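A.B. asks: Chain residues, written in single-letter form:
2 protein chains.
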Amino acid sequence: MSGHVPTVPAPTPLLEPDLLAADPEGIVEVGRLVSELTSEAAKALRRRGGPLPPLTPVELAHVVDAQLPEGPLPREGGGRDAVLALARAYASYTVDLADPRAAAHLQPPALGVATATDVLASAFNASVDTWDSGPIAVELESRLVRALTALAGYGPRADGVLTPGGTASNLQALLIARDTALRAQRDIRGEGLAGLATRPVVYCSELAHFSVARACAVLGLGEDAVRPVPADAHRRMTAEALELALAERTEEELPIAVVATAGTTDYGSIDPLPELAAVAERHGVRLHVDAAYGGGALFSDRLRPLLAGIEAADSITIDLHKTAWQPAAASVLLVRDAADLTASTGLRVAYLNPDDDGAAGYDGLLGHSLATTRRADALKVVATFLALGQRGVGAMLEACHDLATFAAEAIAARPRLRLTATPVLTTVVFRYVPEHGTSGGTGEGPADAARADAINGALRRRLLLQGRALIGRTDDVAEDATGGRVRLKLTLLNPQATRDDIQELLTAVEVAGRAVETEELP
Amino acid sequence: MSGHVPTVPAPTPLLEPDLLAADPEGIVEVGRLVSELTSEAAKALRRRGGPLPPLTPVELAHVVDAQLPEGPLPREGGGRDAVLALARAYASYTVDLADPRAAAHLQPPALGVATATDVLASAFNASVDTWDSGPIAVELESRLVRALTALAGYGPRADGVLTPGGTASNLQALLIARDTALRAQRDIRGEGLAGLATRPVVYCSELAHFSVARACAVLGLGEDAVRPVPADAHRRMTAEALELALAERTEEELPIAVVATAGTTDYGSIDPLPELAAVAERHGVRLHVDAAYGGGALFSDRLRPLLAGIEAADSITIDLHKTAWQPAAASVLLVRDAADLTASTGLRVAYLNPDDDGAAGYDGLLGHSLATTRRADALKVVATFLALGQRGVGAMLEACHDLATFAAEAIAARPRLRLTATPVLTTVVFRYVPEHGTSGGTGEGPADAARADAINGALRRRLLLQGRALIGRTDDVAEDATGGRVRLKLTLLNPQATRDDIQELLTAVEVAGRAVETEELP
Chain A
1 MSGHVPTVPA PTPLLEPDLL AADPEGIVEV GRLVSELTSE AAKALRRRGG
51 PLPPLTPVEL AHVVDAQLPE GPLPREGGGR DAVLALARAY ASYTVDLADP
101 RAAAHLQPPA LGVATATDVL ASAFNASVDT WDSGPIAVEL ESRLVRALTA
151 LAGYGPRADG VLTPGGTASN LQALLIARDT ALRAQRDIRG EGLAGLATRP
201 VVYCSELAHF SVARACAVLG LGEDAVRPVP ADAHRRMTAE ALELALAERT
251 EEELPIAVVA TAGTTDYGSI DPLPELAAVA ERHGVRLHVD AAYGGGALFS
301 DRLRPLLAGI EAADSITIDL HKTAWQPAAA SVLLVRDAAD LTASTGLRVA
351 YLNPDDDGAA GYDGLLGHSL ATTRRADALK VVATFLALGQ RGVGAMLEAC
401 HDLATFAAEA IAARPRLRLT ATPVLTTVVF RYVPEHGTSG GTGEGPADAA
451 RADAINGALR RRLLLQGRAL IGRTDDVAED ATGGRVRLKL TLLNPQATRD
501 DIQELLTAVE VAGRAVETEE LP
Chain B
523 MSGHVPTVPA PTPLLEPDLL AADPEGIVEV GRLVSELTSE AAKALRRRGG
573 PLPPLTPVEL AHVVDAQLPE GPLPREGGGR DAVLALARAY ASYTVDLADP
623 RAAAHLQPPA LGVATATDVL ASAFNASVDT WDSGPIAVEL ESRLVRALTA
673 LAGYGPRADG VLTPGGTASN LQALLIARDT ALRAQRDIRG EGLAGLATRP
723 VVYCSELAHF SVARACAVLG LGEDAVRPVP ADAHRRMTAE ALELALAERT
773 EEELPIAVVA TAGTTDYGSI DPLPELAAVA ERHGVRLHVD AAYGGGALFS
823 DRLRPLLAGI EAADSITIDL HKTAWQPAAA SVLLVRDAAD LTASTGLRVA
873 YLNPDDDGAA GYDGLLGHSL ATTRRADALK VVATFLALGQ RGVGAMLEAC
923 HDLATFAAEA IAARPRLRLT ATPVLTTVVF RYVPEHGTSG GTGEGPADAA
973 RADAINGALR RRLLLQGRAL IGRTDDVAED ATGGRVRLKL TLLNPQATRD
1023 DIQELLTAVE VAGRAVETEE LP
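Sequences listed follow chains A and B, in order. Under the numbering used here, the first residue of the first sequence carries the number 1, and numbering increases by one thereafter. Under the numbering used here, the first residue of the second sequence carries the number 523, and numbering increases by one thereafter.
Honestly, the hints are just simulated from the structure, not real lab data. Keep in mind that this is a model prediction, so the values were computed, not measured. Ideal placement from N, C-alpha and C gives every residue a C-beta, glycine not left out. Among the clues, some could well be false.
[Stated by the list, open to error] Footprint (simulated), chain A over chain B, 3 or more residues, beta carbon under 8 Å:
1) 661 to 674
2) 735 to 744
3) 986 to 1000
With these hints in hand, go ahead and build the complete structure from the sequences.
C.D. replies: Okay, here's the thing in structure tokens:
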């Protein structure tokens, strides 16, 4: 019909500028938008060839430039289309931890149930600092923390708090240790450290996480306050070595903490907790156990014995965003005595938790934490355990442990790979042994060691650039007879990965090593 | 047909114990589960009568007990049904910030677009500490932070980092200030503070956030290191008052920072930034601006002039989970000179960012942050601005500012309410004036003041318990002529709230005040 107005497709609806997630209509719309975003992400995932985008950092930067022509804070918004485009780019160029060839870091593929439930934490934006900023969120965190204290073997005086990461948990643990040790000398919280004649020191394995030193720097103790104790052949700090280190202290040094590690980052090695607890007690020093990595063993009947004696610690760090498959962050600091916690962070503030509100029972978790606003991270954790049970989560760790054991055997069977240490939890450290030494060399010696290091570093980057295999690297504590210190590492946290996936990864390492030897560092 | 096997309804499918969010199938399932969870939440929201559950804390605890018969860590999982039940409970018993009668804390209703996009941050679980733990996440955070530095008026040497909250941003700012000021005297990061003869001190308004004192305690300076400067009648720290405070310092005191506040928590008052910057510069002291609350004004043409001079600060805290309507957490610390940041937190670690990887361009943000694992919080922020633009976010702040101005007028017009201060941003502080004084009293004097305080505190709890209105409370800096120090507060962060909603809230305050006077504290 002539004169008819042509039909125009309806424009993609823009997001309402002020759509709020917690409106009854808003939250339904959030559900719809998540469906669109996840289905875009699924398409992007299916197009991917591996766990990393096969791009150099510079190439990726150009991709992101193109994605953000007006930068990340444009003056005018582009509505839903702009968000969907961002989602596609994000899913294409993030690391894909669910790819079984991703095996680099203590960064698990997140569980679907935790990911989905966490949406409600964002949508309602509760904060656990005061009761009325998140009533049920406060209840859930309190209960979760107390259930974890019971699982760790603590008694009824125990308490704890969720933190943004293991580094933050260790910081708070050492803050408590600092304040507890110095309280006899001065009002440490009020007066600080200036003018202090004693020198507070902290003992830990040379393989303890760097967050111990970092915490000492933040707390004004200085990184030099760390007294690294040599590890034994099994990469553990023994009671004897700790005793020796304590015996060496000078008169002005005041030991404020022993930090034992239950799961070193690279080797998964677990310091002998009961023996170290006895030494710490004998010297009247507080014991903190950094079980950021190993803490997940509490959920497994088979692996829990590795943590025997952990209940003797004064405080414990556990990262549920490591071995409980939570999206970051979900770290927890447990303390054997709640009073230790509140002595350092207890707080009453007129605008948050005044005395009369506290007396009437309206109290949040402000005094437990170094943070003020604090997200309801307990929700996703509780949802995970309600869905899967401890048994389900523990089974995931057991599957990864089995995989690590298998990987160690597979490495031992390959002549160009050499296993550095027997796996304890889910990491496997090894190295690629170059086919030949420096020209004219014996294959052993400084030049060969440096070359072997360079080859191992370069082969990992080669795999990164190809995007098809993502493995970790680290330095070993000491050189071995034949090579340098650079090591390769599989951190196995994907319970769906198979033995074939492991073999594929190891073959990729060998192929990349040979290519580096031929093409880059002949 | 006889002998036919009866049909049994298919059981509710359990969640696969190891469903991973980042599988192509997993992420689609996450979308589906989010749809179910949000639709359950919507139903629960529609049944609610107000922003809080109408329960005492003890009653709520019983509800949660019933919800978790085997506690939060049951041995066996209950699958999808258990998660849906938890979602219903959570939506029923959380605070509902999208309810226009929620007006207590600096805790905004979260934007739908940020909430939805954040799912991808959880699903892929990228971490920004190393390049290969989150390539595009690292790029997005870097760009977001740099765009914010430009918006704040910083030059090309500026940088910054996302943190878990304003308290953490202020901590890191003061860590940098401590280390910068003391570096001339010693290797502060290595040696710490013990034995230091000088006493580091920090100057800030008496109305500065308590996180300044908390940071001083953590950093080993002690809470007493804070030199609170009296605020003027407009609740601001003036240059004159700061000069006076600086003049009073003793010989062993070393000023390490002036902290100016751009948006005090209660009053929204903004210290005169250019004048304070001049004083700080004259004394050679670092200036940090805590714009946790006020920083959102950068997105509004109309309100940005309030922050004039902020570019003179050495560092700035901005909480995007306050005045950019992000779900927590999305705080940012900006620094004028990137070198200041890395001097305190720069780090190379063998297993994360060894030198040769850094040289090859594979570098993350580990050295920017006090955290190690760190979630891709920039994603939701960038999505928000791509969708709404600065103009959209700025308009939300303007709407709330308009509402605060209206609320102040409405309070002034009500005889039983008295306005404490003219609003600057989006908070309104006032009090309820009891109808009569203590028996036989004049209505003014210590007994009346105490009674007025008790009534104001009790009326707020009465509103909490009814669940239909959630307002804030605080103490004023000083008593006024007629009453005590307890004040009521509206923190207006819901841009959809109307003038009628404000009037309804104020009427609820009056009714509760009268009821408390009659029934509780006659």
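A.B. asks: A separate judgement is required for each hint: does it hold in the structure or not?
C.D. replies: Hint by hint, here is what the structure shows:
Note: the stretch 661 to 674 of chain B has 7 residues with beta-carbon separation from chain A under 8 Å; the three-residue rule is met and the coverage holds. Under the rule that three or more residues need a Cβ within less than 8 Å of chain A, the assignment of the stretch 735 to 744 of chain B holds, with 8 such residues. Residues of the stretch 986 to 1000 of chain B with a Cβ under 8 Å from some Cβ of chain A number 6, which satisfies the need for three, so the listed coverage holds.
In this structure, none of the earlier numbered hints is contradicted; all agree with it.
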